[in-house]
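Sequences are here, hints too, so could you generate the full structure?
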Amino acid sequence: MQIYLPIADLPVNIFLVLGMGLAVGFISGMFGIGGGFLMTPLLIFIGIPPAVAVASVASHIAASSCTGALTYWRRRAIDIALALMLLSAGIVGTATGVWLFTMLRALDQLDLVIGISYVVLLTAVGGLMINEALRAEMRAHRGMPATLRRPGSHNWLHGLPLKMRFKRSKIYVSAIPVWGIGFSIGFVGAIMGIGGGFLLVPMLIYFLRVPTATVIGTSMVLTLITMASATVMHAATNHLVDAILALILMVGGVIGAQFGAHTGHKMRPERLRLMLGLLVFAVGVRFAYELVVPPDDLYSLRLVSPP
Amino acid sequence: MIARAAIVLALALTASAARAERLVVSLSNARIAVTSNYVGEDLVLFGTVQPDVGKELKDAYDLVVTVTGPSETLRARRKERVLGIFVNIDAREFVRVPSYLAVLTDRPVAQIAGPQVLRRQQVGMDSFILTQRVGADFADTVTDDPFRKAFIRLKEQQHLYSQSATAVTFLTPTVFRASIPVPADAATGRFDVDVKLFAQGAMVGRTATSFAVTKAGVEQYVVEASQNHGLLYGLATMTAALAIGWLASVAFRRD
Chain A
178 MQIYLPIADL PVNIFLVLGM GLAVGFISGM FGIGGGFLMT PLLIFIGIPP AVAVASVASH
238 IAASSCTGAL TYWRRRAIDI ALALMLLSAG IVGTATGVWL FTMLRALDQL DLVIGISYVV
298 LLTAVGGLMI NEALRAEMRA HRGMPATLRR PGSHNWLHGL PLKMRFKRSK IYVSAIPVWG
358 IGFSIGFVGA IMGIGGGFLL VPMLIYFLRV PTATVIGTSM VLTLITMASA TVMHAATNHL
418 VDAILALILM VGGVIGAQFG AHTGHKMRPE RLRLMLGLLV FAVGVRFAYE LVVPPDDLYS
478 LRLVSPP
Chain B
18 MIARAAIVLA LALTASAARA ERLVVSLSNA RIAVTSNYVG EDLVLFGTVQ PDVGKELKDA
78 YDLVVTVTGP SETLRARRKE RVLGIFVNID AREFVRVPSY LAVLTDRPVA QIAGPQVLRR
138 QQVGMDSFIL TQRVGADFAD TVTDDPFRKA FIRLKEQQHL YSQSATAVTF LTPTVFRASI
198 PVPADAATGR FDVDVKLFAQ GAMVGRTATS FAVTKAGVEQ YVVEASQNHG LLYGLATMTA
258 ALAIGWLASV AFRRD
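Line by line, the protein sequences are chains A and B. Throughout the first sequence, residue numbering follows the working numbering, covering 178 to 484 in sequence. Throughout the second sequence, residue numbering follows the working numbering, covering 18 to 272 in sequence.
For the record, the hints were derived by calculation from the structure and aren't laboratory data. Keep in mind that a hint or two might mislead.
[Stated by the list, open to error] Capping the alpha-carbon separation at 16 Å, the derived lysine to aspartate or glutamate pairs in EDC-like fashion look like this:
hint, chain 1, residue 1, chain 2, residue 2
1, B, K96, A, D285
2, B, K96, A, E447
3, B, K232, B, D202
4, B, K96, A, E314
5, B, K166, B, D143
6, B, K166, A, D285
7, B, K166, B, D202
8, B, K96, A, E309
9, B, K166, B, D154
10, B, K96, A, E467
11, B, K232, B, E58
12, B, K166, B, E110
Here is the structure:
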């Protein structure tokens, strides 16, 4: 069944979009990520203009992270103070990212920068996750106990000034790395059209030693606030949010996320991290392939002023 | 000055030509409504050739229907391999060109008239003026310019530019019909239909009509809301997102 999308200006198969929402929602629920890094390329692939895809995906991520955040809220697994600190720097990062986005677009190099960012970030993060998860798997296989104490609980980041205590996460760290992480997530999110959950979770674990109990819930609150405000900002400034597309994605997304979360709970965390690592790595390789392989057509068109 | 003289001359020519044969045309639909189940539409143009008083009809006519959609400005970019990866290294802007262009004829344009007539009357894809910004100048290039060719090729792949030598059929020597394909992703706005009649390689008649592609129903409501009340629209979308997220978490609650 075809449905015409008013802002994207093209008809799409409603079941295809619903299915994409379900699939990405399932993955996002399973791994506790927003899923923007999968949804944005998928929408572009079915012909949605990239700008509309980025803007509409924001509301889809807001919906699925809202479901997730509420679940974690009931389990008291959210560190609001940490989320707000990350957010304050995240807004500055987003603004910087939007500024660079506009500039690169004018120079016709936006596609290249997005492509390279996806390749570098996704292959690096994916590779690290696979490596870490495989080691954990091997340790488990040899029958060694999992390291209960997080290794190297104190690194140089803990020596920085402006220390703050985050009670819910039971950490005492400097505000500087917290701001740094918030800024880079906001910056990367604005340029790549992603929520950044898959980057934020490992960063919080490895750099700030945030315990696994609060990390996903906190990341979801951050994603929820940034994506909800991104929806409003995109709608108010560029008029690019396609409400019909967003609604179909949301409905599929929240249902998929529930089943994903259910499946995720039944799996071992190492296995889950390995799978997420492989997924992230695969998407990165897919982008690398696109950059290196000669395109079907060396020429491409970009709309400067619409009719 | 020369350009203005040429325009005046062209107008004089069309005026004198229009006196010989009269064209009467009608479209099957003057307005295409884009609703939620819109997947594109084919319009039909009907028409007849009528002689002016005291004139005889010629034996064979050719018809050229040129349909142009709302104009837009596009940038064509060319990639090249730099250090192993493909990078946009050159770009050309096409200024205020039609977003949709269809050239419909009863036989190949080259057989209808000579190259000079085709160029002067802008008949056929190759003769259609596509203004490019080259540095500070605005001009069309030669037809085999790589950017121009690439631009037309890309637009043809999107089914937005087309040229068909079979789209016009003469039902009798003076009654014709032409089918105009409007793809689903054609822009909304006014589409101009320019109808030119040729006989023995010269233009003998001309008329014009137009149709509109407009959004209707929910589609129109959504577009208007997003354009005129962007902030409210954004807040509504955000509220919907939060509401759907909350509903799902309540509906699937297991604890």
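Restraint check for B:K232 with B:E58, where alpha carbons must lie at most 16 Å apart: Satisfied, since the Cα-Cα distance of roughly 14 Å is no more than 16 Å.
Is the hinted pair B:K166 and B:D143 satisfied, with a Cα-Cα distance of at most 16 Å? holds, 9 Å
Holds or violated: are the alpha carbons of B:K96 and A:E314 at most 16 Å from each other? violated, 44 Å
Please verify whether B:K96 and A:E447 have alpha carbons no more than 16 Å apart. Distance of about 42 Å is beyond 16 Å: violated.
Quickly compare the C-alpha distance for B:K96 and A:D285 to 16 Å and report which way the hint goes. Given that 16 Å is the threshold and the Cα spacing comes to 10 Å, the pair holds.
With a cut-off of 16 Å on the C-alpha distance, tell me whether B:K166 and A:D285 pass. Violated, because 20 Å separates the two Cα atoms, which is more than 16 Å.
Does the structure keep B:K232 and B:D202 at a Cα separation of 16 Å or less? holds, 12 Å
Between B:K166 and B:E110, does the CA-CA distance stay at or below 16 Å? holds, 14 Å
Straight-line alpha-carbon gap B:K166 to B:D154, limit 16 Å: Roughly 20 Å between the alpha carbons, so the hint for B:K166 and B:D154 is violated.
What's the verdict on B:K96 and A:E467, does the C-alpha distance respect the 16 Å limit or exceed it? Given that 16 Å is the threshold and the Cα spacing comes to 13 Å, the pair holds.
Straight-line Cα separation of B:K96 and A:E309 no greater than 16 Å? violated, 38 Å
Has the given pair, B:K166 with B:D202, been kept, meaning a C-alpha gap of at most 16 Å? violated, 22 Å
When the structure is compared with the earlier hints, violations turn up for hints 2, 4, 6, 7, 8 and 9 and for no others.
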